[in-house]
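Let's have the full structure, built from the sequences with the hints guiding it.
Those protein sequence lines, which keep their order, are chains L and V.
Residues in the first sequence are numbered from 1 upward in steps of one, following UniProt numbering.
Residues in the second sequence are numbered from 1 upward in steps of one, following UniProt numbering.
If you're looking for bench data, these hints aren't it; they were derived computationally from the structure.
Some hints here could point you the wrong way.
With a cut-off of at most 27 Å between alpha-carbon atoms, the simulated DSS-like pairs for lysine-lysine come out as follows [to be verified]: (1) 327/L with 404/L; (2) 386/V with 397/V; (3) 7/L with 386/V; (4) 397/V with 10/L; (5) 10/V with 101/L.
Only some residues are given here: those of chain V computed to face chain L with a beta carbon under 7 Å [as the list claims (entries may be wrong)]: (6) 3; (7) 18; (8) 136; (9) 209; (10) 258; (11) 271; (12) 402.
Please read these numbers as outputs of a predicted model, since none were measured by experiment.
All residues carry an ideal CB built from backbone N, CA and C; glycine is no exception.
Residues per chain, in single letters:
Number of protein chains: 2
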Amino acid sequence: MSLIVEKFKKLGAENAPGQETRQSTSNIELRGEEIPGTPVDFSHGDVDAFEPIPGSLDVFVEGVHIGGKQAYTEYRGSQNIREDVAQKLSNFTGSSIDYDKNLIITPGTQGALFLAMGSMIARGDKVAIVAPDYFANRKLVEFFDGEVVPIQMDYFNTNTCCGLDLTQLEDAFKSGVKLFLFSNPNNPTGVIYSQEEIRTISELAHQYGAQIIVDQLYSRQLFDGHSYTHLCAQNIMDPENVITIMGPSKTESLSGYRLGVAFGSSNIIDRMEKLQAIVSLRAGGYNQAVLKTWFNEPEGWMAGRIKDHQAIRDDLLSKFNAVEGFKVRASEAGSYIFPKVPELDVSIIDFVKILRLQAGVTVTPGTEFGSQFTDSFRINFSQDHKAAIDAVERIIKVTELYRK
Amino acid sequence: MSLIVEKFKKLGAENAPGQETRQSTSNIELRGEEIPGTPVDFSHGDVDAFEPIPGSLDVFVEGVHIGGKQAYTEYRGSQNIREDVAQKLSNFTGSSIDYDKNLIITPGTQGALFLAMGSMIARGDKVAIVAPDYFANRKLVEFFDGEVVPIQMDYFNTNTCCGLDLTQLEDAFKSGVKLFLFSNPNNPTGVIYSQEEIRTISELAHQYGAQIIVDQLYSRQLFDGHSYTHLCAQNIMDPENVITIMGPSKTESLSGYRLGVAFGSSNIIDRMEKLQAIVSLRAGGYNQAVLKTWFNEPEGWMAGRIKDHQAIRDDLLSKFNAVEGFKVRASEAGSYIFPKVPELDVSIIDFVKILRLQAGVTVTPGTEFGSQFTDSFRINFSQDHKAAIDAVERIIKVTELYRK
Numbered sequence: 001m002s003l004i005v006e007k008f009k010k011l012g013a014e015n016a017p018g019q020e021t022r023q024s025t026s027n028i029e030l031r032g033e034e035i036p037g038t039p040v041d042f043s044h045g046d047v048d049a050f051e052p053i054p055g056s057l058d059v060f061v062e063g064v065h066i067g068g069k070q071a072y073t074e075y076r077g078s079q080n081i082r083e084d085v086a087q088k089l090s091n092f093t094g095s096s097i098d099y100d101k102n103l104i105i106t107p108g109t110q111g112a113l114f115l116a117m118g119s120m121i122a123r124g125d126k127v128a129i130v131a132p133d134y135f136a137n138r139k140l141v142e143f144f145d146g147e148v149v150p151i152q153m154d155y156f157n158t159n160t161c162c163g164l165d166l167t168q169l170e171d172a173f174k175s176g177v178k179l180f181l182f183s184n185p186n187n188p189t190g191v192i193y194s195q196e197e198i199r200t201i202s203e204l205a206h207q208y209g210a211q212i213i214v215d216q217l218y219s220r221q222l223f224d225g226h227s228y229t230h231l232c233a234q235n236i237m238d239p240e241n242v243i244t245i246m247g248p249s250k251t252e253s254l255s256g257y258r259l260g261v262a263f264g265s266s267n268i269i270d271r272m273e274k275l276q277a278i279v280s281l282r283a284g285g286y287n288q289a290v291l292k293t294w295f296n297e298p299e300g301w302m303a304g305r306i307k308d309h310q311a312i313r314d315d316l317l318s319k320f321n322a323v324e325g326f327k328v329r330a331s332e333a334g335s336y337i338f339p340k341v342p343e344l345d346v347s348i349i350d351f352v353k354i355l356r357l358q359a360g361v362t363v364t365p366g367t368e369f370g371s372q373f374t375d376s377f378r379i380n381f382s383q384d385h386k387a388a389i390d391a392v393e394r395i396i397k398v399t400e401l402y403r404k
Numbered sequence: 001m002s003l004i005v006e007k008f009k010k011l012g013a014e015n016a017p018g019q020e021t022r023q024s025t026s027n028i029e030l031r032g033e034e035i036p037g038t039p040v041d042f043s044h045g046d047v048d049a050f051e052p053i054p055g056s057l058d059v060f061v062e063g064v065h066i067g068g069k070q071a072y073t074e075y076r077g078s079q080n081i082r083e084d085v086a087q088k089l090s091n092f093t094g095s096s097i098d099y100d101k102n103l104i105i106t107p108g109t110q111g112a113l114f115l116a117m118g119s120m121i122a123r124g125d126k127v128a129i130v131a132p133d134y135f136a137n138r139k140l141v142e143f144f145d146g147e148v149v150p151i152q153m154d155y156f157n158t159n160t161c162c163g164l165d166l167t168q169l170e171d172a173f174k175s176g177v178k179l180f181l182f183s184n185p186n187n188p189t190g191v192i193y194s195q196e197e198i199r200t201i202s203e204l205a206h207q208y209g210a211q212i213i214v215d216q217l218y219s220r221q222l223f224d225g226h227s228y229t230h231l232c233a234q235n236i237m238d239p240e241n242v243i244t245i246m247g248p249s250k251t252e253s254l255s256g257y258r259l260g261v262a263f264g265s266s267n268i269i270d271r272m273e274k275l276q277a278i279v280s281l282r283a284g285g286y287n288q289a290v291l292k293t294w295f296n297e298p299e300g301w302m303a304g305r306i307k308d309h310q311a312i313r314d315d316l317l318s319k320f321n322a323v324e325g326f327k328v329r330a331s332e333a334g335s336y337i338f339p340k341v342p343e344l345d346v347s348i349i350d351f352v353k354i355l356r357l358q359a360g361v362t363v364t365p366g367t368e369f370g371s372q373f374t375d376s377f378r379i380n381f382s383q384d385h386k387a388a389i390d391a392v393e394r395i396i397k398v399t400e401l402y403r404k
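Dropping the structure here:
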């Protein structure tokens, strides 16, 4: 097999969210009839149930009418919009972001992650990745010929922190890891890193001269009055060693516009822009205009959104907790929960296919978040409230059919 | 210097189109006063002078109103839109494109190029690249740790073909080159590969088992009744070894929407989709809807656009040809010309900076298209007709000030 074919063998996308229709299901045998109900795709949020920030389309249309200046921005994004976003993110994080040096607008937060990783990982570099964490993290390290060093997170046996194994992280740095990437709140569990965890991570990175990428995609949607610690505002590490990633695709439902930002280290942002120049030139020019609505939502809009999501979360947690063998930690932020399922006599991959075929419910298998998560799946509960509850009831019915 | 820093040193973007405002110009001394006139940015087309396909924004807005289904498409793009585009491109090229297997929608043609190269080049692979050709081609090979093997094109001493050195191409294949990438019409010269050149390229690639990527971005905008040969319709090579790239960013002025497509080899398209999944998930969901207007322009719109561009081209060629020392081949397609300048006593990089500072005219230095093109620059003449002529007059005035 050629090198490139081998490389792409490892880069599987068939169990990734959104790709389910491309799966082979010929090996699946259903036990019993299909269970009727409104189909629910828990692999991503439903932007029909939770619509984009009001006025987003209007701002896009204004961008189109600006014309060439908006169509052809610098690769790092339109200067006007960077000024606005840098100010808003400085306020939000409590850090100082220079629009010209420290920020790049990217095609989604996925784009930001790709550019950051591509700008920081050389062949053979060891990169620490949390287990579990967002599935693309591991794939990105592998694509850039790095080596993944997993750091375990004990999210079930903690409740005032996320449970990251900090000893393992220090050992990783000792063994030569120069980059640590993690999402906060964690994807898929929705747990938030405590202030102490963030401080310790910063201190260790500082001590060992490591770089950090924090993916803060869901850091605005906090439940139960939880507090949130921005690593970029800790002033412990050299700021040139930190990149923070955010974007309006999730809480703000703007995924269809493909917008994200990365901010922090000017050297790394410079490299990210050079890479952007050959990857896709820039985030869609007109699309960039939509960032004006971000952090600029109507009064009460964000609070309402958080309240609605918290209510859905609570109902889904009650449903799962009432069933013998399910185990789930309450998410503290974001729209994910990551239930552990009872022992089944089918694999998690097949179970996920069965859920789709038999119950019209799409979830993401735990193995996408780390190979050991063969007993969990992820739900994005940013859905129509009633449809989500009904769908979880169907998941529970299907579970009973395939329980060991 | 660390490996990654070294890698990005080579990946310069500061002389790339659109990045001119980030250049250092402190070393530049102007001879004489600024020459007044409407600023013209020849580094890309002016979408205010030549507007996007009528109705594009309406189709985008419809896409937003479709909602979640349009926001979250498969990574390779919305099925409906792939069906439509595959049909239109099959008709245009005279080849058979299965929407499900042979086509991916990408963030611009730059996105298509990046995904194709990333899916085909392994570390150490030799890749043949034309000199001159689009500047990102070389950078992409270097980013993926391949080795560039340049193939010369004698565009000045030919006129019924582009002048590609086919002996050099065969030698390259003999020496182990497994991938040949070229743009047709050629960027920056605007010359079209003859049918015989395309056939010979196909035969050589077939004979040596090589793969081909053809960037056909400008293949709809043909002047003077020139004919165009689609490599993908020649039936000489194994179709699994060919990827063709197109998009509506240039002739159709849709660059602000960041849309492109790649079609051909199902194996390579599969890999490109896996890569897309970690690069930016998908082309902007709502943006994809805009492809409905492509190849579906109002009656006479494309013919009018070609006529207008041909008229601008003719006027600019007359201006340059009237000046001692300028040499330029008439472009046969697309919106580029690539004039060779008289001998100057400043470098082409500085001359380009001088043009911007002294005459308000932005052009792209020849060295972006191959290191030997130290005496040429590229102009994208998709501009307001009168402003373009005036700007070329200013270029000529500045040339006289810096002539050796």
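Which numbered hints fail: 3, 4, 9 and 12
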